[in-house]
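**Q** Below, each chain spelled out in residue letters.
Number of protein chains: 2
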Amino acid sequence: MSEKLSGCTYKLSNTPCISTSACVGGKMEQQGPMHDCFDYTCEDDYFGMETYEQAESLMQRKAIELALDKNQMQNDSIDFMLGGDLLNQCIGTTYGVRDLSIPFLGIYGACSTMAEGLLLSSLLVDNGVGSNVIAVTSSHFCTAERQYRFPLDYGGQRTPTSQWTATASGALVVSAKGEAPYVRAVTIGKIVDMGVTDANNMGAAMAPAACETLAQFFRDTGLAPESFDHIVTGDLGLVGSRIVCDLLMREGFDIRPNHRDCGTMIFDTESQDVHAGGSGCGCAASMLCGHFVPKLRSGEIKNILFAATGALMSPTINQQGESIPSIAHAVWLSHDSGK
Amino acid sequence: MSEKLSGCTYKLSNTPCISTSACVGGKMEQQGPMHDCFDYTCEDDYFGMETYEQAESLMQRKAIELALDKNQMQNDSIDFMLGGDLLNQCIGTTYGVRDLSIPFLGIYGACSTMAEGLLLSSLLVDNGVGSNVIAVTSSHFCTAERQYRFPLDYGGQRTPTSQWTATASGALVVSAKGEAPYVRAVTIGKIVDMGVTDANNMGAAMAPAACETLAQFFRDTGLAPESFDHIVTGDLGLVGSRIVCDLLMREGFDIRPNHRDCGTMIFDTESQDVHAGGSGCGCAASMLCGHFVPKLRSGEIKNILFAATGALMSPTINQQGESIPSIAHAVWLSHDSGK
Numbered sequence: 053m054s055e056k057l058s059g060c061t062y063k064l065s066n067t068p069c070i071s072t073s074a075c076v077g078g079k080m081e082q083q084g085p086m087h088d089c090f091d092y093t094c095e096d097d098y099f100g101m102e103t104y105e106q107a108e109s110l111m112q113r114k115a116i117e118l119a120l121d122k123n124q125m126q127n128d129s130i131d132f133m134l135g136g137d138l139l140n141q142c143i144g145t146t147y148g149v150r151d152l153s154i155p156f157l158g159i160y161g162a163c164s165t166m167a168e169g170l171l172l173s174s175l176l177v178d179n180g181v182g183s184n185v186i187a188v189t190s191s192h193f194c195t196a197e198r199q200y201r202f203p204l205d206y207g208g209q210r211t212p213t214s215q216w217t218a219t220a221s222g223a224l225v226v227s228a229k230g231e232a233p234y235v236r237a238v239t240i241g242k243i244v245d246m247g248v249t250d251a252n253n254m255g256a257a258m259a260p261a262a263c264e265t266l267a268q269f270f271r272d273t274g275l276a277p278e279s280f281d282h283i284v285t286g287d288l289g290l291v292g293s294r295i296v297c298d299l300l301m302r303e304g305f306d307i308r309p310n311h312r313d314c315g316t317m318i319f320d321t322e323s324q325d326v327h328a329g330g331s332g333c334g335c336a337a338s339m340l341c342g343h344f345v346p347k348l349r350s351g352e353i354k355n356i357l358f359a360a361t362g363a364l365m366s367p368t369i370n371q372q373g374e375s376i377p378s379i380a381h382a383v384w385l386s387h388d389s390g391k
Numbered sequence: 053m054s055e056k057l058s059g060c061t062y063k064l065s066n067t068p069c070i071s072t073s074a075c076v077g078g079k080m081e082q083q084g085p086m087h088d089c090f091d092y093t094c095e096d097d098y099f100g101m102e103t104y105e106q107a108e109s110l111m112q113r114k115a116i117e118l119a120l121d122k123n124q125m126q127n128d129s130i131d132f133m134l135g136g137d138l139l140n141q142c143i144g145t146t147y148g149v150r151d152l153s154i155p156f157l158g159i160y161g162a163c164s165t166m167a168e169g170l171l172l173s174s175l176l177v178d179n180g181v182g183s184n185v186i187a188v189t190s191s192h193f194c195t196a197e198r199q200y201r202f203p204l205d206y207g208g209q210r211t212p213t214s215q216w217t218a219t220a221s222g223a224l225v226v227s228a229k230g231e232a233p234y235v236r237a238v239t240i241g242k243i244v245d246m247g248v249t250d251a252n253n254m255g256a257a258m259a260p261a262a263c264e265t266l267a268q269f270f271r272d273t274g275l276a277p278e279s280f281d282h283i284v285t286g287d288l289g290l291v292g293s294r295i296v297c298d299l300l301m302r303e304g305f306d307i308r309p310n311h312r313d314c315g316t317m318i319f320d321t322e323s324q325d326v327h328a329g330g331s332g333c334g335c336a337a338s339m340l341c342g343h344f345v346p347k348l349r350s351g352e353i354k355n356i357l358f359a360a361t362g363a364l365m366s367p368t369i370n371q372q373g374e375s376i377p378s379i380a381h382a383v384w385l386s387h388d389s390g391k
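For the protein sequence lines, the chains are A and B, in the order given.
Using our numbering, the letters of the first sequence correspond one by one to residues 53 to 391.
Using our numbering, the letters of the second sequence correspond one by one to residues 53 to 391.
Treat the hints as calculated values from the structure; they're not laboratory data.
There could be a bad hint or two in this list.
Since copy identity is lost for identical chains, a pair holds within one copy or between any two.
Straight-line distance between alpha carbons at most 35 angstroms, and here's what the computed DSBU-like set of lysine-lysine pairs gives [what the hints assert, rightly or not]:
id, residue 1, residue 2
1, 63, 79
2, 79, 56
3, 79, 391
4, 229, 122
5, 354, 229
6, 56, 354
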């Protein structure tokens, strides 16, 4: 049974593991510094489909199939799946997985979706609800741009603080039995809203949520930032990364020496014209599934604290003048089962 | 520990209960046949706010506060909450709960959201992850119309098969200890898509998903439809209700004598001009929280099988010609703990 520590951190006692994972990316991701971590990339943003939305769905399906193939798993060995994405009504997921015939639970955490799916599936598997559970998510630059900002053809100027939505998907299977990486503890985040209203500065809006959840994790577990090879935030980008480090310093935690941010990893922010870095559910998901999980499995990395962040707004409510509530969930992944 | 039966049905062994619930409604709901079941109704669709979206958020917050008040519970007695709604990026929920300082997990199941939240919180509480967990959802006629169909001022004609989105919210607390109703078993649904493309006939699109999940529950548990006072579907309306009964007959299950549908309960389909009945996350949620839960608590009803259904599409993908994938999750609620 998972043990609740003070706050909302749960220590997992049966050490569920990530038994397999895979990720898929687009052209920009293929050209970026992390190209080696993708199992499949496509130069065509349509991925051979007729619309961008269909392309995003295809990416999720492909990520799941690749992850299952790696472990020679069949669909019927999966108890159920948790998935969601940035698109209205999470259609990237629902149309991507509808033919798989796997029991499905939809989740929504914006760019924190992979952390939420991993956290929930780990809590369930740790307590015997499911032996193999999939967590999946995605984002696509073209679907996100037209939904959240402007039609691509409009050619709108992007601000220096804006981030580039990654065209990527990540899928993983949390299993009751298997090899590293093990899920050791999770922290369920609270919604934090510090009043930021600029939808082109998501990093600033989300950094306080990352600070809140990370500080909660450190206090609840008694672990220090230096216990981890990396403290990995999802998609804060250049602006938000600086803010989260500053905010955590004020709380007495210095994460600067081992902080990594998926938004600044996935693209070369100097040469790829992505302004403050990458974003989107698929950014943190692909960096987790394609980069950190394999290194944790091999033992090249021993421990990471993965905290993906999400901005829980919509264009409608933002245009009504509302600020941007954000959230972050944290998951401790380890090469060592702790048993 | 929850016991997995064949299929994706889990029998709960520690019988978590719904310790408190409350629901909020609008003017049409107040004028309807179920007006007595609402804890709070407002004649003004704005609920005193400036926009419909803010009104929907207020409804969720009010439903939660009313539910907690009934049991003299404070926010800090809640371990975490699960919530979502129909609005893009689930803003009805995220803006409604952002100030509560309760750890939050976003879910998305369209109109099945209350069943999904109840199912997940029951599985978690049954296994010791949380002692008190909130599930909450809402819908609002005016926010849904402008998002899914037309601006209200356009005055578009509605088809006879269309349903009227309920302006309502329901919140409940699943607790490890407490009185009836107890959660005895749950079935996680699969996505079903039979090719219906008419977004004005959601009942027809969702009925096959309800059939799939209910038949799965009956087969997995060995229970017959007559074991329940009511088989309660969420929001199939007049059209979908007829279809689900027909489909289940073919599977060998006759639910006609004790079938109730929240979409045909919440409004008077003869006099209220709602065409095929009510819909929206708040419809099934308010009928569950305000009607069935109190009757299960008092013992007036002994057992219900609650299966809310959701259509997992968006206007964008529907306009691209895609059909409507749907889902249903089932929860067995009982006056008897079974211990």
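**Q** So which hints don't hold here, by number, going up?
**A** 1, 2, 3
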